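Colleague: Here are the chains, one letter per residue:
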Amino acid sequence: MIADTLNPSLSRAAPDPVVDADNVVRRYGAFTAVDGVTLRVERGECVALLGPNGAGKTTLSRMIGAVAPRDGGGLRVFGLDPWADQTRVKSRIGWVMQQDALDEDLDAAENLLVWADLHGLTVERARARSAEVVKLLGLDGREGSRPAALSGGYRRRLAIARALLAEPEFLILDEPTTGLDSQVRHALWDVLRRLRDGGLTILVTTHYMEEAARIADRVVILHQGKLVAEGAPGELVRRHLRRYVLEVRADEAPDPARIGCPASDVRRHGDRALVFHDDESVLRAAVSQCAFGTAIVRPSSLEDVFLDLTGSSLGG
Amino acid sequence: MGDAFGAVREPPSASRRVAAIWRRHAKVYGRSFWTNATPAVLEPLFMLASVGIGVGAHVAQTFNGLSYAAFMAPGILATASMFTAAFEATYGTYFRMKYQSTYEGILASPATVRDVVIAELLWCASKGVLYATIVGIVLALMGYVTTPWALLIPVFGFFNALATAGLGLLMTSRLKNIDSLQVFFTLVVNPMVLLSGFLFPVAQLPGPVPAFAMSLPMFHAVETFRLLSVGPDHVSETWFWACPVALVAWAFVLAFVGGRAFERRVLSER
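Protein chains in written order, with the numbering used here: chain A, 6 to 321; chain B, 107 to 376.
Keep in mind that the hints were calculated from the coordinates and are not lab data.
Any given hint could turn out to be false.
Unchecked claim - To give an idea of the interface, some chain A residues facing chain B are shown, with a C-beta separation under 10 Å as derived from the structure: (1) GLN91; (2) ARG97; (3) GLN104; (4) ARG254.
Stated by the list, open to error - Here are the in silico distance ranges between beta carbons for each label pair: (5) TRP88/A to PRO254/B: 48 to 58 Å; (6) ASN142/B to GLY184/A: 28 to 38 Å; (7) ALA317/B to GLY59/A: 52 to 62 Å; (8) ASP86/A to ALA120/B: 16 to 26 Å; (9) ARG366/B to GLN104/A: 47 to 57 Å.
Source: prediction; values computed, not measured.
We put the CB at the ideal spot given by N, CA and C, even for glycine.
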């Protein structure tokens with residue numbers, strides 16, 4: 006690290022990743038929450054950790070974000086061990102915790118100023134940055150409200166404003182839109198896309214396939230503590246599945262020979278059967294030939310990839 | 107923004123982080139300062155009126171030349187600075203840890219668990235300074251504080267509250283359920299007050315009880331505040347100087363032990 010500080014041109018020539026995780030493990034008693042995940046997050050990248058509740062995405066993000074220890078494996082954030090060197094690492098991270106973790110005893114403006122104080126900002130700098138993030142997140146007029154008096158959307162905005170206050174190089178958001186209505190969700194996605202386009206490195210955990218697809222450059226699918234797939238959202242779908250899917254009730258699953266596809270492209274998950282095919286018109290023809298009770302033809306999605314890889318639904 | 111390895115800004119120092127957390131607590135306390143400070147002034151007055159003057163009217167005996175009211179009044183400095191820290195280090199910290207996400211939020215910043223613990227101890231001790239000062243002024247106005255030694259009352263308010271905060275954090279570090287704090291106050295805090303020599307000289311108690319009572323930090327606190335309020339002439343002569351020293355020693359030991367235990371508790375949940 007000293008060498009790189011002395012010679013910044015060297016590290017610019019060979020940019021190191023913001024996150025470099027090698028076989029990271031975290032256990033809670035007999036339960037292994039994160040079971041050997043290897044992952045890199047490059048500078049300027051927006052990565053989504055996608056998985057159902059209990060997949061290990063919160064635990065993994067907390068280890069990366071220097072707020073929880075790990076039980077095994079190598080982990081470097083900004084080239085440092087995040088738990089051992091947590092002050093240095095956290096001073097460069099903007100954290101948006103699950104359930105916001107706002108200070109309920111303080112109003113919105115005080116939440117921001119205390120955060121600035123914790124980061125060692127001068128009072129003048131804290132005031133200037135507070136005004137900037139209040140404007141950026143559209144919190145004008147709510148500075149005097151306590152978190153409990155804010156709607157879910159504005160609480161989350163305040164949590165993001167606080168995370169951005171000390172000019173982080175790396176933003177971590179743990180389920181940023183869980184529990185918010187779709188309008189608020191879209192507004193927050195806009196904010197995150199703008200930050201990503203501004204060059205901020207972002208790690209976001211989510212169990213919403215749509216969220217991952219809309220904001221992430223790269224999606225990492227976690228299942229039972231393991232990384233099961235990763236790639237750009239579209240690429241993941243193309244790599245794992247045919248382009249289109251016909252969805253019918255399981256008891257109406259068509260004969261693959263009749264459609265003209267291999268048997269492996271017809272899959273049953275619970276009470277549904279999915280028929281995958283690269284040609285949408287073939288699936289449409291099957292719909293008009295067979296008298297399905299209910300049938301939908303649609304492009305294959307990340308949700309299907311997840312189902313295919315894990316055999317379980319992403320859920321809500 | 108710098109490159110991946112060159113820090114853009116030096117991270118805040120440990121003292122800066124602790125100060126920021128302390129200022130956070132002070133800001134929250136300051137919001138309702140009068141609600142908090144009014145009982146601090148009234149409580150000693152009630153104690154003095156009911157026990158010191160009320161019960162004292164039936165006590166003919168003097169205590170090292172002091173009337174009963176003058177004997178018990180300095181003990182209020184000890185109980186006031188002790189109780190504020192006892193509540194803050196138990197209910198206050200448990201709420202911040204469990205029911206509100208205060209620590210969760212602070213620990214997402216550059217602050218460490220150790221910073222949080224040190225700030226809690228210093229905050230409790232600071233409240234001890236505040237309460238000892240307020241009660242000291244009230245007692246002085248009523249004529250129960252009579253020596254220049256009294257200028258040291260805030261200092262020992264700090265150490266008395268620090269000792270109590272250590273004990274409180276030790277309790278909180280074991281706590282599974284907030285209702286158990288009742289047990290702490292009933293079985294630890296209140297007996298310590300009753301055995302402190304605040305309302306009567308502990309030497310009159312039977313058997314090994316005085317020796318036990320005299321080993322507790324509250325006894326040292328009461329004797330120390332009596333010394334600082336009315337001077338060495340009115341304190342059990344042989345070892346009056348030992349009590350302030352013992353109180354400071356207790357403060358460091360309990361703050362260290364309680365602080366470490368509480369740090370481990372907070373870390374165990376991360």
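Colleague: Next, verify each hint and record whether it holds.
Modeller: Verification of the hints:
Against a cut-off of 10 Å between C-beta atoms, the interface hint on GLN91/A holds, since the closest Cβ of chain B lies about 6 Å away. Checking ARG97/A against chain B: minimum C-beta separation of about 7 Å stays under 10 Å; hint holds. Satisfaction of the interface hint for GLN104/A is found here, the shortest Cβ-Cβ separation to chain B being roughly 7 Å, below the 10 Å cut-off. Hint status for ARG254/A: violated, given a least beta-carbon distance of 45 Å to chain B, over 10 Å.
A hinted range of 48 to 58 Å for the beta carbons of TRP88/A and PRO254/B is consistent with their spacing of about 52 Å. A C-beta distance of roughly 35 Å is found between ASN142/B and GLY184/A, which places it inside the suggested range of 28 to 38 Å. For ALA317/B and GLY59/A, the hinted distance range of 52 to 62 Å is satisfied, since their beta carbons lie about 57 Å from each other. Range check, ASP86/A to ALA120/B: Cβ separation about 18 Å, and the 16 to 26 Å hint holds.
A C-beta distance of roughly 29 Å is found between ARG366/B and GLN104/A, which places it outside the suggested range of 47 to 57 Å.
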